[in-house]
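Visitor: Take the sequence shown: its letters are residues 1 to 329, numbered as in UniProt numbering.
Since the hints were derived computationally from the structure, they do not count as laboratory data.
Do not rely on the hints blindly, as some may be mistaken.
[What the hints assert, rightly or not] In silico DSSO-like pairs for lysine-lysine, Cα to Cα no more than 27 Å straight-line: (1) Lys-193 <-> Lys-38; (2) Lys-157 <-> Lys-96; (3) Lys-38 <-> Lys-2; (4) Lys-157 <-> Lys-2; (5) Lys-193 <-> Lys-274; (6) Lys-38 <-> Lys-96.
[Claimed, not checked] Now the in silico label distances, taken between C-beta atoms and shown as ranges: (7) Asp-312 <-> Arg-102: 42 to 50 Å; (8) Asp-312 <-> Arg-107: 39 to 47 Å; (9) Thr-186 <-> Asp-85: 12 to 20 Å.
By construction, the Cβ of each residue, glycine as well, lies at the ideal position given by its N, Cα and C atoms.
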Amino acid sequence: MKALITGGAGYIGSTVATACLEAGIETVILDDLSTGRKEFGEGRNLYVGDIADPELIDRIVADHPDIDVVVHCAARIVVPDSVADPLGYYDTNVGKSIVLFRHLRERGMTRIVFSSSAAVYFGEGGEGVDETAPLAPSSPYAMTKAMVESILADAAKAGDLRAIVLRYFNPIGADPRLRSGLQNPTPSHALGKIMQARAAGEPFTITGTDWPTRDGSGLRDYIHVWDLALAHVAAVQRFDEVAPASAPYQVINIGTGDGVTVRELVAAFERVTKQALPIVETDRRAGDQAGAYAIVDRAASILGWRAERSVDDGVRDALAWSEALRSRS
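Could you build the full structure based on these sequences and the hints that come with them?
Guide: Structure follows, in structure tokens:
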């Protein structure tokens, strides 16, 4: 098999590419390197450019007419940036995806695995959500993911393509063999903030302690990025079984099936580092939600996949990758 991975030189895309290669799936990478790292695409048929460049897509198709599946990871993903630049996010994540899908369809490439997000869910109560849970995107970024899902659903209904949408929760960690990881040295997610606080010798700030969760702090489902990559491998390998012509659109949650509060994430960090981490508490931020965790029965039943790595594993690998980056610089 051969998979075209858009955004394949980024954090998640590069890890997906590595997992595909280990499973015997050849890769072709398309990335504009706006945030991706060129070295993540080396030896993987890397094409540098825009997903909405029809001439580049034509060249990829001409060079690799045997591509079986397109894994669409390319997107802008920083929630505060999306609030500040909604038009840019809608243009990149939605507009360019439409151009990509149309051009792929015209070239006969109609199998799409889409990297979506649990940010599309209503996460006010800190409870588990399955794929039928209400959607309530709370940022332009989340809205772009929901919009692309709708586009794919309608296109699949019209017979233009078939799609598996993977709604994944909160990736952490790195390739366990440290071949790739977060390319952003100052990530905005909770574990990144914890790591930054420790490096600066400052307390970590917990924003909001009155959420309806077991300890009052926000709750997320932290999935190791390698487990996430293996879910993509399963979707690629089982594509025709999961999204046949008779049911061409499928949505699947990808998470651990267990919620972890911010306080519990701090405790995991302390277990791994064997050091106490001072904390301070502040009020909720505008736009925050209690969060949610994935109900993953569908992934288990139709992909044959479950997450295997713990939050401690994710913390450990994230720290190891951060140290590896420092040693290379």
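Visitor: Do the Cβ positions of Asp-312 and Arg-102 conform to the proposed distance bound of 42 to 50 Å?
Guide: 44 Å, holds
Visitor: Taking 27 Å as the top limit, are the C-alpha atoms of Lys-38 and Lys-96 close enough?
Guide: Holds. Lys-38 to Lys-96 sits at ~21 Å (cutoff 27 Å).
Visitor: Decide if the proposed pair is consistent with the structure: Lys-193 and Lys-38, CA atoms, cutoff 27 Å inclusive.
Guide: 26 Å, holds
Visitor: For the pair supplied as a hint, Lys-193 and Lys-274, is the alpha-carbon distance within the 27 Å limit?
Guide: Holds, at about 18 Å.
Visitor: Do the Cβ positions of Asp-312 and Arg-107 conform to the proposed distance bound of 39 to 47 Å?
Guide: Cβ of Asp-312 to Cβ of Arg-107: about 44 Å, so the range 39 to 47 Å holds.
Visitor: Between the alpha carbons of Lys-157 and Lys-96, is the straight-line distance 27 Å or under?
Guide: With a Cα-Cα distance of about 21 Å, the restraint between Lys-157 and Lys-96 holds, given a limit of 27 Å.
Visitor: Would you mind confirming whether the straight-line C-alpha gap from Lys-38 to Lys-2 stays at or under 27 Å?
Guide: 20 Å, holds
Visitor: Between Lys-157 and Lys-2, does the CA-CA distance stay at or below 27 Å?
Guide: Holds. Lys-157 to Lys-2 sits at ~25 Å (cutoff 27 Å).
Visitor: So does Thr-186 sit 12 to 20 Å from Asp-85, Cβ to Cβ?
Guide: Holds, at about 19 Å.
Of the numbered hints stated above, none is contradicted by the structure.
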